[in-house]
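Participant: Here is how the chains run, residue by residue.
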Amino acid sequence: MTLLFLSGLALAFSGFAATSITMDRHYADIHGRGKEASRVTRLRLRTLGWIGLALSFMACIGASGWHIGPVLWCGVLSLAAWSVTLLLQYHPRKVMQGAWIGIPAALLATALLLR
Amino acid sequence: MTTITWRYRGGVAARTVAAIGGGYVLTSIASALIAIALPLPRADAVTIATLLSFVVYTCVILWVFATTSALRAWIGVVAVSAVLGAALWIVGRMA
Amino acid sequence: MKEGLRQSMAWVHTWSGLLVCWLLLLVFMGGTAAYYKHEITFWMKPELHKAADAPSRVTPAESATLAVRELQQRAPTANAWFLDLPHERNPLIYASWTNPPSKGMTREERRAAFRTQNFTLDPMTGEKTAAPRDTRGGEFLYRLHFDLYYMSAIWGRWIVGVASMFMLVAIVSGVITHKRIFKDFFTFRPKKGQRSWLDAHNATAVLALPFHLMITYTGLVTLMFMYMPSATKALYGAEQNTMFSEVFPNAERVKPARELAPLADIGPMLQHAERAWGQAPTRVVVTNPNDANARVELHRPSGQQLSNIEPSMTFDGASGALLSDAKPLSATLDARAAIYGLHVAHFADTLLRALFFVCGLAGTAMVATGALLWGVKERQKYAKVIAKGGKAGFGVRLVDALNIGAIAGLPIAFAAYFWANRLLPVEMGERSNAEANVFFIAWGLAALLAQVRPTRAMWRFQLTVGAVLLAGIPVLNAITTDTHLGVTLFGGPGLRPVAAFDIVVMLLGLLLGWAAWWLGRKAKKAAARQPSNPASTTPLEAA
Numbered sequence: 001m002t003l004l005f006l007s008g009l010a011l012a013f014s015g016f017a018a019t020s021i022t023m024d025r026h027y028a029d030i031h032g033r034g035k036e037a038s039r040v041t042r043l044r045l046r047t048l049g050w051i052g053l054a055l056s057f058m059a060c061i062g063a064s065g066w067h068i069g070p071v072l073w074c075g076v077l078s079l080a081a082w083s084v085t086l087l088l089q090y091h092p093r094k095v096m097q098g099a100w101i102g103i104p105a106a107l108l109a110t111a112l113l114l115r
Numbered sequence: 001m002t003t004i005t006w007r008y009r010g011g012v013a014a015r016t017v018a019a020i021g022g023g024y025v026l027t028s029i030a031s032a033l034i035a036i037a038l039p040l041p042r043a044d045a046v047t048i049a050t051l052l053s054f055v056v057y058t059c060v061i062l063w064v065f066a067t068t069s070a071l072r073a074w075i076g077v078v079a080v081s082a083v084l085g086a087a088l089w090i091v092g093r094m095a
Numbered sequence: 001m002k003e004g005l006r007q008s009m010a011w012v013h014t015w016s017g018l019l020v021c022w023l024l025l026l027v028f029m030g031g032t033a034a035y036y037k038h039e040i041t042f043w044m045k046p047e048l049h050k051a052a053d054a055p056s057r058v059t060p061a062e063s064a065t066l067a068v069r070e071l072q073q074r075a076p077t078a079n080a081w082f083l084d085l086p087h088e089r090n091p092l093i094y095a096s097w098t099n100p101p102s103k104g105m106t107r108e109e110r111r112a113a114f115r116t117q118n119f120t121l122d123p124m125t126g127e128k129t130a131a132p133r134d135t136r137g138g139e140f141l142y143r144l145h146f147d148l149y150y151m152s153a154i155w156g157r158w159i160v161g162v163a164s165m166f167m168l169v170a171i172v173s174g175v176i177t178h179k180r181i182f183k184d185f186f187t188f189r190p191k192k193g194q195r196s197w198l199d200a201h202n203a204t205a206v207l208a209l210p211f212h213l214m215i216t217y218t219g220l221v222t223l224m225f226m227y228m229p230s231a232t233k234a235l236y237g238a239e240q241n242t243m244f245s246e247v248f249p250n251a252e253r254v255k256p257a258r259e260l261a262p263l264a265d266i267g268p269m270l271q272h273a274e275r276a277w278g279q280a281p282t283r284v285v286v287t288n289p290n291d292a293n294a295r296v297e298l299h300r301p302s303g304q305q306l307s308n309i310e311p312s313m314t315f316d317g318a319s320g321a322l323l324s325d326a327k328p329l330s331a332t333l334d335a336r337a338a339i340y341g342l343h344v345a346h347f348a349d350t351l352l353r354a355l356f357f358v359c360g361l362a363g364t365a366m367v368a369t370g371a372l373l374w375g376v377k378e379r380q381k382y383a384k385v386i387a388k389g390g391k392a393g394f395g396v397r398l399v400d401a402l403n404i405g406a407i408a409g410l411p412i413a414f415a416a417y418f419w420a421n422r423l424l425p426v427e428m429g430e431r432s433n434a435e436a437n438v439f440f441i442a443w444g445l446a447a448l449l450a451q452v453r454p455t456r457a458m459w460r461f462q463l464t465v466g467a468v469l470l471a472g473i474p475v476l477n478a479i480t481t482d483t484h485l486g487v488t489l490f491g492g493p494g495l496r497p498v499a500a501f502d503i504v505v506m507l508l509g510l511l512l513g514w515a516a517w518w519l520g521r522k523a524k525k526a527a528a529r530q531p532s533n534p535a536s537t538t539p540l541e542a543a
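Chains as they are written, first to last, in this note's numbering: chain A, 1 to 115; chain B, 1 to 95; chain C, 1 to 543.
Some hints here could point you the wrong way.
Below, a list of computed lysine-lysine pairs in the DSS-like style, where the Cα atoms sit at most 30 Å apart [what the hints assert, rightly or not]: (1) LYS35(A) - LYS384(C); (2) LYS35(A) - LYS191(C); (3) LYS183(C) - LYS384(C); (4) LYS191(C) - LYS179(C); (5) LYS381(C) - LYS522(C); (6) LYS524(C) - LYS35(A); (7) LYS35(A) - LYS233(C); (8) LYS94(A) - LYS192(C); (9) LYS94(A) - LYS50(C); (10) LYS94(A) - LYS522(C); (11) LYS37(C) - LYS50(C); (12) LYS50(C) - LYS191(C); (13) LYS179(C) - LYS94(A); (14) LYS183(C) - LYS388(C); (15) LYS183(C) - LYS94(A); (16) LYS192(C) - LYS524(C).
Since the hints were made in silico from the structure, they are not lab data.
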């Protein structure tokens, strides 16, 4: 259950990280002033972001059931959002790198859920 | 920035009373009406009506401050309370 | 107010928030602590630590039988017995009882008597543990956040209820007025003065919005029939008791038959329940023990349900026969119980409980940053006046003082409460009241000092005091008890709550210490820029 929680947290972090870097302000922080994400990048990253959040939801349901799971998910989202926010301010490039954690987390969550 | 005149202060005070006091009266009437109107066993009706009352109260308070004048706020709260109150009285008579 | 929705909502948000923020800080801090009230109570009763250290190898049925044997000796004619059996958050057997109210007892006398009507058993030996010191422990902090103190509970609940309604309005108006809620979702820009305070307020508020909305609404729901009685009046008239027995059907207490009938052995009852549920009962309530109408109710945690109502099984006390299971609730009543359950979070395991705690802290930070932001913004308006050597307005000074008293003063009060627990003599009379008084004396002193001198130096002073007191608790613990961090970090699972308490208060103390240091650095920077301005007496400028 802890593993599902951790993968849910990682997925939420990854999802938020992906969506945040498409936002003008944060993209500019990473790539230089005035730069904006292209439409394609924005679409791709935002889709991945939402998928990450959805998978995070499933992981939380898997961890705690259909009643408590959503509550757990809300807490996970807050934790992930705060982490991304702080990281974006102090180490914006690490947000891009950190977003990759979503892939192993997704694999782990899927494996645990299908068991 | 709005100049802090006595007229302004009066408006704020009027809205505050309308929101907190008038809003509570309106909410109470609405809650009672909802409870009576719901075609459910008493325990369920009273629970839903009471659960909803805080939502109603919040909306009334926000509307009172969002609407264009303190006068409108008062008219609105009093009018709705009167209508709902009349409905409540009629339903009470019918029972 | 002809300015448009966003502006009117901004006004509502400011005032509905500001007028009650200092009380809300108390409610939030108390409530957040209350998520760990059992652990806090356990930390505050060091006499029980030794018994909890040994792992319990006694079954719940055996524990209950031990407790009942003791209860038969001490309280055979009580009107109800309550047993808490060992489980995750509480490794000992805790039993208490209530007596029928005897004539002529005042409420104070009854409450004082009730506090003696309990004992704790060590499940390993079946013997009573060493008598714990008289303290209300975490229960004080829990009750504080809705009953307040030094007043009747009804008054406290009304005051907190009004403040909660203000808070609900503040949350909703805040969301409406927040123009860039999505664009600024991940925005936090430090070192930019007013902008930074706003970012902090937004981050702590928006990023835990589901929690804040939930906790405020569900808080009102816990006392909703008191706050909004009109629906009850409409459907039940004056018969409020009927309403309660219909909305809370499983809380009914059967009346005693006044006919003696020895209580059946409860061991088999517990075993039956454990077989049926697949898990052991954690709570036993015996009504009318040794009476023909005795009832034994077994409860287990609600598991995967949000409802705070624990599933239960009722047995006839005299015969031991299983009576009907608890009546199933309608969907509506279930929903109400789930809404209530969300607030008290009994369903939360270690991880989720920690998340609730963190979100509670975020709520505290949200209220604090909001109040600080108002002060910073308001002071901006007086910037020119202040530059010429004038003084800021009365409102700014008052808010500054109240902010210090609440944001820095309340942690001092909490710390003082825990220090009092370790330092007040164990034998003293009215000890638990004295601990509570220390809380308020400490808070009162802090608030008073803040009113006298609401300066940056006072901020640093009070934050430092809070930091030292909180971070010093593990040290105090080591000096005054045997179960300090050196022991509890490496001991059995029963002592982990004690270690966790020490670590958490230390971290909170370090946080306050960091804040004090940061304020000091800013003051030095400001002084370096303006050597003629004595930094230590400057009130909190546009940060």
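Participant: Take the hints in turn and mark each one as holding or not.
Facilitator: Results for each hint:
Only pairs whose Cα atoms come within 30 Å are accepted, and LYS35(A) paired with LYS384(C) is rejected, the gap being roughly 39 Å. Of the supplied pair hints, the one linking LYS35(A) and LYS191(C) holds, its CA atoms being roughly 24 Å apart against a limit of 30 Å. Restraint check for LYS183(C) and LYS384(C): the C-alpha separation of about 33 Å exceeds 30 Å, so the hint is violated. At roughly 22 Å between alpha-carbon atoms, LYS191(C) and LYS179(C) fall within 30 Å of each other, so this suggested pair holds.
Using a Cα cut-off of 30 Å, the hinted pair LYS381(C) and LYS522(C) holds, with the two alpha carbons roughly 21 Å apart. With a CA separation close to 37 Å, the supplied pair LYS524(C) and LYS35(A) exceeds the 30 Å bound. Distance restraint check for LYS35(A) and LYS233(C): the Cα-Cα separation of roughly 63 Å exceeds the 30 Å cut-off, and the hinted pair is therefore not satisfied. At most 30 Å may separate the alpha-carbon atoms for a hinted pair to count; LYS94(A) and LYS192(C) meet this at roughly 23 Å.
A threshold of 30 Å between alpha carbons decides the hint, and for LYS94(A) with LYS50(C) the separation of about 47 Å lies outside it, so the pair is violated. With a CA separation close to 29 Å, the supplied pair LYS94(A) and LYS522(C) stays within the 30 Å bound. Between LYS37(C) and LYS50(C), the direct Cα distance comes to roughly 20 Å. Compliance with the 30 Å bound is thereby established for this hinted pair. Distance hint between LYS50(C) and LYS191(C) is unfulfilled; the C-alpha atoms sit about 49 Å from each other, more than 30 Å.
Taking the CA atoms of LYS179(C) and LYS94(A), the gap is near 28 Å; set against the 30 Å cutoff, the hint holds. Distance hint between LYS183(C) and LYS388(C) is unfulfilled; the C-alpha atoms sit about 39 Å from each other, more than 30 Å. At roughly 20 Å between alpha-carbon atoms, LYS183(C) and LYS94(A) fall within 30 Å of each other, so this suggested pair holds. The hinted pair formed by LYS192(C) and LYS524(C) meets the criterion: a straight-line CA distance of about 17 Å does not exceed 30 Å.
In summary, the numbered hints that this structure violates are 1, 3, 6, 7, 9, 12, 14.
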